[in-house]
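Peer 1: Here the protein sequences line up with chains A and B, keeping their order.
Residue numbering for the first sequence follows the numbering used here, beginning at 43 and increasing consecutively.
Residue numbering for the second sequence follows the numbering used here, beginning at 47 and increasing consecutively.
Hint data in this document are derived by calculation from the structure and do not stem from the laboratory.
All figures in this text were calculated on a predicted structure; none of them were measured in a lab.
Treat the hints loosely; a few may be bogus.
Partial list, computed: chain A residues near chain B (C-beta under 7 angstroms) [stated by the list, open to error]:
| hint | residue |
| --- | --- |
| 1 | P48 |
| 2 | P51 |
| 3 | P242 |
| 4 | A246 |
| 5 | R255 |
| 6 | F345 |
The C-beta atom is built at its ideal place from N, Cα and C for all residues, glycine as well.
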Amino acid sequence: MAGTEPAAPASAAAAEFLLRRHRLRPAEALPWLIALGAYFAFPDYMALGTQILITILFALSLDLILGYAGIVTLGHAAFFGTGAYAAGLLSAKLGWSEPLSGLAVAGLCAAAVGFVSGWVLLRYRGLALLMLTLATAIMLYELGNARADLTGGYDGVTGIAIKPLFGRFEYDLYGHTYYLYALAVLFVLFMVARRIVYSPFGQALIGIRENVRRMHAVGSPVHRRLVTVYTVAAAMAGVAGGLFAQSNAFVSLSALGFERSATVLIMLVLGGTGRLYGAFLGAAIYMLLEDSLAKLSPEFWEFGVGLVLVLTVLFARRGLLGLLEDAWRALERLWR
Amino acid sequence: MALSPPVLETRGLHKNFGALQVARGIDFSLERGARHALIGPNGAGKTSFVNLLTGVLRPTAGRVLLHGEDVTRLSQAGRARRGIARTFQINQLFRGLTVLENVCLAVGERTGACNNLWRPAGAGREVIDEALGLLQALRIQDDALRRVSELPYGRQRLVEIAIALGQRPKVLLLDEPAAGVPSAESHLILDVVDSLPQDIAVLIIEHDMDVVFRFARHITVLVAGGILTQGTPAEIAADERVRAIYLGEEAHG
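Same shape as in the complex, but just chain B (with noise of 0.2 angstroms):
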């Protein structure tokens, strides 16, 4: 059976910072469609795994593939560019531009609007009218013209994913996407995750178990840099060394 290869791998990825090692050797692979979760401690080096794949760190050692195709050497706007999108941990947002030109300015960077100098902004209905559609779709269209830092965080959250999407990425890394909201909002933001496109391959990387075991067909658990384990849910939560991992950092709050 002539397999495709898999949307994005990695491949004995190793990364050390002096002598801390951050990612010791791991191979990797995300399907088309996917929805993965990464778990794992605190420090066990989960978002220093998103930027190795998206090119903010350059591995010690090891290589990165998108399509079967080799990005190791690729910056990180350049694999942009071929379709991995990432939402950060921590809002990485234009503050003091609108909620539209947010999502604007990750469309127009995508079709190229963006090297127009002359052009007024305006008059690019095309770029408009997909941002406009993504935020109608995260059901924040009415939050278009306001400016992101005078939203509530929950929204900003929502934008911060209506960016990723604006880049119509076919790996889409989601850090923790209801980080920092409260509880009463976060299904919010989780009914966006569970409706995300099915040809976007999804890798999620959370804390909160009844997100990952609700959202995730796929589990990796990593641990000190390393893979742990994988498998499905049940697998994982049938692991007795995840269990220990897990109820031991539960027993330390």
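Pulled out of the complex, with its shape left as it was, chain A reads as follows (with noise of 0.2 angstroms):
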């Protein structure tokens, strides 16, 4: 009872069955090979094509907090706009344009940020924390609007310069390096993210998603993991707000706004919490919809936008990529 030795095929087989999911599936190399094509094929949309990337990356960070560790929020633009600051400031400020610094440090503020508030919210759960969160992060709005000095308030901080990526590749009107600059940052965070959510730090992450009850009783240091994870994703945020601010040149008050919180969860839930490419997706069609819907009526499309949410949290629970893969699996039935 203490346990016996497992036999030794099946103990392969459990592994087996564990790290199948860990490898990469040839299905993942889709939106990467989409995110290039694009590259190639839509030269005119790259201003378009950096922002949705930045907003993926904004989107799978909360993903891990939201669709891995189960904890919802309302604030979470708090450590984008956090990062969009902290990169701003320090080229418009302090005259520090290296780019790849200028996001570790908007990282790092955000994690900051991220670590001393997680570590006061994440007792509380559920509604509490979806109120706190939201407190937080207009909190910090309101301290960015009184030190217009420094924010340049609603006016926001001009005089952002960045210097050539690898002080070799300049950057071109059309943002064709950015683009680049923007989707290699993505890769190699989301890679992050995936392993970090294949670990058994994220297997105990999901358990307090699933049952915090249960691990409490297992003897899980539920909030240092909650803290953690909240941690790692807010760096995760703040590289993308950095990243925000690098690409227009420009920060400002909206950056951290309640507005940017409520449209990164829509679109998560949109493309699906829990399973990474949903931010992919659901990120992508959100900016794709809204760029053409504001084309065909600049005064209603956020009604088809709230149309399509509508349509997805009542057909779609597991959002667009569970339809997705709903589709491929019954795809699959018929070719047997």
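Take the two lone chains, each set in its own frame, and fit them into one complex as the hints suggest.
Peer 2: Next comes the structure, spelled out in structure tokens:
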């Protein structure tokens, strides 16, 4: 009962079962090939493309905490905004304009805010946590407003410049270089997130999401686990914010705003939570929809976005990616 | 004679919820390798007592000692890491995960494997092998890679015990382990309970007197938050007050 030695084949099969999920599947190349293909196919849309990549990274960071650890938040823009201001002010006020170190500073600053706020807030769950994250983000927003001398208030920070990437690659007017730069950053951080999600730590997060009560009972340091992932996610959101500031050469208070927190949540739910690529799909679909609908009807485009969200929540609980998975399985069954 | 302290002990344990007293000065001890049953009518405070032992509830007064060491102020997780494991009357499982992953979580949290953010979960073979070994001992190894939510309820009850054993406990608190299981299958669970390792002190909360008398070497009767009496099964069976309570209960149906 203290446990017998398992038969070797059973042990190998179990390990294989767990490792298989961690291995890259061929289908996972698809979004990256599309992102790379877009670079060649739509050279005039690189500015929009860059913003989509940045938003995917932001949504991915939310998925780590919401989709895996079950932390509901309406204040995630706090970290995005912190990163954006960190990278922006570093260049505009301190004259430090090397892009990669700018992103590192953005990530570190956001991680610090994430660690401190997470330490305090993550003792709460559910509605209380939702309200507390919202209130924290609003406080940060008002802090930015009060220190308009630093943040530029509603006018924002201007005069953000970035040096050529690795001292070599200049940025062109159409944002081609920056698109590839953002794609590379997204790819690296995506792989980091993927690694974390399939680690034993990631399993513990899922355990907390599935049944926090039992996790306490088996001796899991739940608070520490949540603060850890919250800090990692804050850092990622901060890097997204840093990319945002660098690519736009501008940051305003909207980077910290409630609307950004709410929108990223909508995108993630649209794409599907707890599956990493849901962030990819949700952010891309939302922003492309927004772009095309806004052209169609500048006044009422939000109605269209709202309709898609309602339909998703009603008929595709697991998001668009869940819908795709179901469709794929149905096709597979037909094939046989 | 130098007695080693009991594995788990409470002294003058009180717990009030407003005017309601769920524990009234409970002095209780569990020896190493004990097979102890806690019985009492509904609302006697049995589950509250388990919650006080495991740290879900903080007592209003009194102390909880583990190996003679005061753990009254220690969190639930802290006590779990020191060797108190429990199962729940109503399953508390990770329903979306496989049986193997359920047990791996308990093992991984105990060994510290879950602190690792970087290594793939499947690479931790020692965690997997320990979890599989437990599933084998409980004869549910064939379900290892099935989702818990797909299992029949009786098997889920075994997973409930497997998780607790994954903690390598010194004290195991079983809250009605066979609750909700069809009687035709309950022997599977009781067999497991019977064959638990001898060095683990086991406290079982149970309504079924057949189970209690089959399993326990010592019985504590809890009534209205206080200990009515304690003794061997024979002493308890002969106790008029206990019989009155249980006969009374049966008369109510």
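Peer 1: If a hint holds in the structure, say so; if it does not, say that too.
Peer 2: We went through each hint and held it up to the structure:
1. The interface hint given for P48 of chain A is met, as the beta carbon of that residue sits about 4 angstroms from the closest beta carbon of chain B, less than 7 angstroms.
2. Here the hint on P51 of chain A is broken, as its CB sits about 11 angstroms from the closest CB of chain B, past 7 angstroms.
3. Because the beta carbon of P242 of chain A sits about 5 angstroms from the nearest beta carbon in chain B, less than 7 angstroms, this interface hint is met.
4. Hint status for A246 of chain A: holds, given a least beta-carbon distance of 4 angstroms to chain B, under 7 angstroms.
5. Hint on R255 of chain A holds. Least Cβ distance to chain B is approximately 5 angstroms, under the 7 angstroms limit.
6. The interface hint given for F345 of chain A is broken, as the beta carbon of that residue sits about 35 angstroms from the closest beta carbon of chain B, more than 7 angstroms.
Hints 2 and 6 from the earlier list are contradicted by this structure; the remaining hints agree with it.
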